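K.L.:
Based on the sequences and whatever the hints tell you, model everything.
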Amino acid sequence: AQSVAQPEDQVNVAEGNPLTVKCTYSVSGNPYLFWYVQYPNRGLQFLLKYITGDNLVKGSYGFEAEFNKSQTSFHLKKPSALVSDSALYFCAVRALTGGFKTIFGAGTRLFVKA
Amino acid sequence: KAGVTQTPRYLIKTRGQQVTLSCSPISGHRSVSWYQQTPGQGLQFLFEYFSETQRNKGNFPGRFSGRQFSNSRSEMNVSTLELGDSALYLCASSLGLGEVTEAFFGQGTRLTVV
Numbered sequence: 001a002q003s004v005a006q007p008e009d010q011v012n013v014a015e016g017n018p019l020t021v022k023c024t025y026s027v028s029g030n031p032y033l034f035w036y037v038q039y040p041n042r043g044l045q046f047l048l049k050y051i052t053g054d055n056l057v058k059g060s061y062g063f064e065a066e067f068n069k070s071q072t073s074f075h076l077k078k079p080s081a082l083v084s085d086s087a088l089y090f091c092a093v094r095a096l097t098g099g100f101k102t103i104f105g106a107g108t109r110l111f112v113k114a
Numbered sequence: 001k002a003g004v005t006q007t008p009r010y011l012i013k014t015r016g017q018q019v020t021l022s023c024s025p026i027s028g029h030r031s032v033s034w035y036q037q038t039p040g041q042g043l044q045f046l047f048e049y050f051s052e053t054q055r056n057k058g059n060f061p062g063r064f065s066g067r068q069f070s071n072s073r074s075e076m077n078v079s080t081l082e083l084g085d086s087a088l089y090l091c092a093s094s095l096g097l098g099e100v101t102e103a104f105f106g107q108g109t110r111l112t113v114v
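Chains as they are written, first to last, in my numbering: chain A, 1 to 114; chain B, 1 to 114.
Keep in mind the hints are simulated off the structure, nothing from the lab.
This one's a predicted model, so the numbers in the text were calculated from it and none came from an experiment.
Treat the hints with care, since some could be wrong.
What the hints assert, rightly or not - Label pairs and their computed distance ranges (CB to CB):
1) A:Gln71 / B:Arg30: 32 to 38 Å
2) A:Asp54 / B:Thr14: 51 to 57 Å
3) A:Val83 / B:Arg15: 38 to 44 Å
4) A:Ser26 / B:Pro39: 19 to 25 Å
5) A:Gly29 / B:Pro61: 27 to 33 Å
6) B:Lys57 / A:Thr52: 47 to 53 Å
As the list claims (entries may be wrong) - DSSO-like cross-link-like pairs, simulated, lysine-lysine; straight-line CA separation at most 30 Å:
7) B:Lys13 / A:Lys22
8) A:Lys22 / A:Lys49
9) A:Lys49 / B:Lys57
10) A:Lys22 / A:Lys58
11) B:Lys13 / A:Lys49
12) B:Lys57 / A:Lys69
From the three backbone atoms N, C-alpha and C, an ideal C-beta is built for every residue, glycine too.
P.N.:
So this is what it looks like as structure tokens:
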């Protein structure tokens with residue numbers, strides 16, 4: 001069965017510092033990996049995805065993520081955090097063996113302090 | 001291009017009642033997925049519909065059901081409501097033509113069971 005783990009419930013970072021939100025996955029076959037962000041009282045918004053190719057994927061709002069097959073990880077990163085990045089971040093995996101259903105992690109709340 | 005529309009936005013029901021939630025996907029999208037979001041559990045996959053057929057189902061009791069119409073609009077029904085069903089229910093639409101497309105989420109229906 002496919003699964004996603006986001007080991008940190010919360011990440012705190014100062015504005016201007018780099019941020020990392022961690023994600024590991026378990027899936028049979030090739031994974032398709034996604035990051036979404038949720039602002040208060042809003043639905044989820046797509047940030048970026050990894051399908052194949054370059055392990056470093058760039059997405060919206062200056063975010064990027066690195067796919068590491070050996071560590072089964074897909075960590076979200078940003079070189080310089082903004083206060084407006086404060087939100088709930090979800091990692092998700094979709095795989096053929098799961099019937100293409102998309103499974104989400106529990107979410108990581110990011111706090112960026114001014 | 002209109003986004004994913006979920007109605008109603010807020011709902012208060014009494015234990016034992018039943019409820020129907022509606023989701024209108026983005027025009028041209030044929031896949032609709034439903035998720036339950038609670039503070040402690042993150043996003044839990046309910047089911048996915050594609051071209052009026054249920055393609056995937058999560059681990060929820062039979063009280064949770066859904067359907068999709070020929071215009072891709074989808075409804076989700078919960079019968080015999082329990083207090084634990086209180087949650088934000090999110091609908092996501094995608095093209096559904098392959099495994100690589102990201103999902104677009106509605107703002108959700110917040111269901112409170114009293």
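K.L.:
So which hints don't hold here, by number, going up?
P.N.:
Violated: hints 6, 7, 11.
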